[in-house]
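Chains as they are written, first to last, in the UniProt record's numbering: chain A, 1 to 543; chain B, 1 to 174.
Hints are not guaranteed to be accurate.
What the hints assert, rightly or not - Once the Cα atoms are required to be at most 25 Å apart in a straight line, the calculated DMTMM-like pairs of lysine to aspartate or glutamate come out as:
#1 A:K528 to A:E293
#2 A:K476 to B:E130
#3 A:K32 to A:E139
#4 A:K199 to A:E512
#5 A:K422 to B:D97
#6 A:K528 to B:E118
In case anyone wonders, no lab produced these hints; they're calculated from the structure.
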Amino acid sequence: MSKSHHLSLSASKLRNLDVLSKSDPMAVIYAKKLDGMLEELGRTEVIMNTLNPVWITKFTINYHFEIVQPLVFRVYDIDTKYHNTSVKMLKLNEQDYLGEASCTLSEIVTKRDRSLTLKLKYQNRPADAHLGTITVHAEETVASRAAVEMILRCSRLENKDVFSKSDPFLRISRIVESGISIPICKTEVINNNLNPVWKPVTLTMQQFGSKENPLIIECFDFNANGKHELLGELQGSMAELEKLSREKIGAHFYVPSSVRQGHKKMLKGQLFVDNFCEKIQYSFLDYISNGFELNFMVAVDFTASNGNPRSPDSLHYIDPSGRLNSYQQAIVGVGEVLQFYDTDKCFPAWGFGGRMSDGSVSHCFNLNGSLDECEVVGVEGIMSSYAMALHNVMLAGPTLFGPVINKAAAIASKSLSHSHNKYFVLLIITDGVITDAVETKDAIVKASDLPLSILIVGVGGADFKQMEILDADNGKRLESSTGRIATRDIVQFVPMREMQGRQTSIVQSLLEELPGQFLTYMRCRDIKPIFAHPAATSACQPN
Amino acid sequence: MENSATLEITIISAEDLRLSHRPLKKNAFVTVRSTSTLNDGGASSTSLDRDGGSYPHWNEKLKVALPASARSISVEVCCKTGTGVRLVAVAAIPVSDFCEPAGYLHFLSYRLRERDGERNGIINLSVRMEGAGPFGRRVQRPLAAPPTMWAKGEERRNYGVAVGHPVGYGYRVY
Chain A
1 MSKSHHLSLS
11 ASKLRNLDVL
21 SKSDPMAVIY
31 AKKLDGMLEE
41 LGRTEVIMNT
51 LNPVWITKFT
61 INYHFEIVQP
71 LVFRVYDIDT
81 KYHNTSVKML
91 KLNEQDYLGE
101 ASCTLSEIVT
111 KRDRSLTLKL
121 KYQNRPADAH
131 LGTITVHAEE
141 TVASRAAVEM
151 ILRCSRLENK
161 DVFSKSDPFL
171 RISRIVESGI
181 SIPICKTEVI
191 NNNLNPVWKP
201 VTLTMQQFGS
211 KENPLIIECF
221 DFNANGKHEL
231 LGELQGSMAE
241 LEKLSREKIG
251 AHFYVPSSVR
261 QGHKKMLKGQ
271 LFVDNFCEKI
281 QYSFLDYISN
291 GFELNFMVAV
301 DFTASNGNPR
311 SPDSLHYIDP
321 SGRLNSYQQA
331 IVGVGEVLQF
341 YDTDKCFPAW
351 GFGGRMSDGS
361 VSHCFNLNGS
371 LDECEVVGVE
381 GIMSSYAMAL
391 HNVMLAGPTL
401 FGPVINKAAA
411 IASKSLSHSH
421 NKYFVLLIIT
431 DGVITDAVET
441 KDAIVKASDL
451 PLSILIVGVG
461 GADFKQMEIL
471 DADNGKRLES
481 STGRIATRDI
491 VQFVPMREMQ
501 GRQTSIVQSL
511 LEELPGQFLT
521 YMRCRDIKPI
531 FAHPAATSAC
541 QPN
Chain B
1 MENSATLEIT
11 IISAEDLRLS
21 HRPLKKNAFV
31 TVRSTSTLND
41 GGASSTSLDR
51 DGGSYPHWNE
61 KLKVALPASA
71 RSISVEVCCK
81 TGTGVRLVAV
91 AAIPVSDFCE
101 PAGYLHFLSY
111 RLRERDGERN
121 GIINLSVRME
131 GAGPFGRRVQ
141 RPLAAPPTMW
151 AKGEERRNYG
161 VAVGHPVGYG
171 YRVY
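Produce the complete structure using the sequences and hints provided.
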């Protein structure tokens with residue numbers, strides 16, 4: 001999920017380095033890369049003679065939920081002799097350094113007013129009140145939240161299949177100025193039906209442009225080999241689709257005529273639109289910046305298959321050199337992203353499959369060793385509890401997910417009695433395949449109606465094929481042993497081994513579906529961001 | 001008169017319905033029944049879906065009284081044919097699936113089965129229960145044996161083998 005933002009900067013109470021007048025400040029934004037190196041993103045203009053500059057230059061940056069985006073801001077006083085030079089040409093090491101500040105992009109965009117004020121300090125020195133502050137403000141590039149929802153159906157489609165009926169689906173594309181059509185949405189495939197009714201389709205104004213923008217709607221017969229046959233197409237704008245819905249009439253499909261070149265043949269098949277309605281569709285950040293939060297929970301596998309933690313071969317080996325093992329990598333990777341969305345940074349942490357000091361095996365024990373408190377503070381808290389637990393708990397087994405999933409679901413369910421603004425994320429890190437497939441599926445199906453998502457990381461070399469069934473990405477909804485079917489897909493499973501050397505990191509693959517799962521939950525219950533401010537409802541022109 | 005609660009059920013849609021081994025053509029409707037051993041409870045039906053075929057959409061809200069002793073409600077998908085009404089498939093929804101948390105809007109989906117047990121599609125609905133009261137037979141599962149605190153080594157409590165099933169938010173009726 002990525003959202004384009006404009007960053008604007010201002011500063012106040014800057015240090016005055018000039019003798020006869022005030023400083024002439026300029027700011028530079030850097031992105032901090034994984035190796036710690038800084039990459040310059042841009043510079044503001046120079047404002048003369050002020051200690052409280054409000055720079056006009058804006059910087060465009062893409063916010064990505066699933067990665068940590070550290071930024072560094074540096075402020076310089078530009079010497080008079082450079083005032084006629086373009087800012088791009090200025091050599092920063094020849095300017096007077098006024099201080100710097102750093103933060104992550106998510107810290108800015110999750111704030112209610114999307115502004116963050118930071119104290120300036122000298123590099124590698126603690127903050128100094130005399131250096132002033134810098135304020136960063138983020139604004140979404142396209143803030144329009146207008147969307148339309150409608151039910152599309154067809155009648156009397158042509159039959160292209162031999163032994164059964166066509167399997168139709170629709171593709172809606174937008175025609176841009178140059179005449180090219182860009183697909184914006186595809187419906188699901190309905191098998192064997194010449195009068196299909198598809199699930200409601202929602203399109204945002206960002207996707208279709210304006211209600212007058214020309215669209216092409218094509219109906220295809222799905223073919224497993226990928227060569228879908230065109231059943232018909234028609235052109236129309238969103239406003240015309242609204243008219244079809246209002247007047248309850250259909251529009252005929254056309255195909256290019258085989259007889260007369262350049263002409264179209266009208267078909268018997270028609271497209272109907274039902275329940276066309278306009279609505280406001282709030283974004284993930286709208287919820288987060290209005291008090292909604294993601295609560296992070298973690299469960300660690302303590303089964304014997306991990307290997308004795310004292311042995312360097314063990315998946316649980318704590319390397320004295322500081323190199324993180326697979327469990328630590330997953331905890332830090334996911335925790336570092338999600339911590340900004342959790343206001344109190346108190347994370348429930350459990351272990352499962354371990355043998356306690358009294359000899360019993362527990363499938364859901366508090367990682368911090370406490371009897372009744374399952375929470376630890378911060379990602380550091382999870383790491384230290386994990387290390388301590390390795391000393392006190394013996395690895396046992398078998399690998400059961402049911403108990404931890406049920407515990408997380410209980411916490412999510414309990415929170416519903418006092419608020420609707422918490423969404424829970426359970427991270428399960430395991431080295432093996434579960435032995436309680438039925439109980440796990442039952443637990444997931446039950447949890448699918450709660451504000452909960454489950455991220456599962458598979459570490460080590462096991463064959464995790466069986467686990468992929470839990471992640472319903474292939475479209476098959478999970479079914480419990482009692483006949484109940486999962487309301488939504490709440491599981492994301494990623495085997496760590498497969499991600500080595502890939503472009504997308506394992507954390508990104510785990511987290512990329514999360515904003516979508518959060519939004520599906522909120523939208524289908526019509527839960528709106530609590531204090532939707534006026535700016536949320538006005539459409540902005542894209543720059 | 002046993003106290004009862006009111007169920008607000010919105011029948012949303014059904015998927016992949018078959019009648020006589022062929023995809024259902026049209027005119028499907030849903031009847032929700034709540035029964036208990038003591039009384040018949042009530043039944044309420046949706047209108048016919050004319051265009052959806054084997055993937056009907058209703059989005060209709062039904063209100064059904066739920067007697068306190070009822071343990072499940074039945075959702076029947078039927079089809080109005082030229083000769084009468086035919087039962088397509090049924091799902092039984094345990095009250096435990098929607099009685100907690102109180103007043104919560106549950107979105108649920110169930111496997112539909114024919115009289116002989118054969119699978120026949122999925123039903124999607126939402127349920128909200130209004131009115132409190134003990135429902136069904138509640139089996140209170142004991143809390144899982146609390147983990148031994150290893151920071152205080154001298155406190156050794158023996159709970160025997162851990163059950164390993166912390167309290168879920170629903171319950172299982174056996």
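Hints, one by one, checked against the model:
For the proposed pair K528 of chain A and E293 of chain A, the alpha carbon gap of about 13 Å is at most 25 Å, so the pair holds. Under the criterion of a C-alpha separation no larger than 25 Å, the hint pairing K476 of chain A with E130 of chain B is inconsistent with the structure, at around 33 Å. Between K32 of chain A and E139 of chain A the alpha-carbon distance is near 21 Å, which keeps this suggested pair within the 25 Å criterion. Of the pairs offered as hints, the one joining K199 of chain A and E512 of chain A holds, with about 24 Å between alpha carbons and a cut-off of 25 Å not exceeded.
For the hint pairing K422 of chain A with D97 of chain B, the CA-to-CA distance comes to about 21 Å; that is within 25 Å, so the pair holds. Of the pairs offered as hints, the one joining K528 of chain A and E118 of chain B is violated, with about 41 Å between alpha carbons and a cut-off of 25 Å exceeded.
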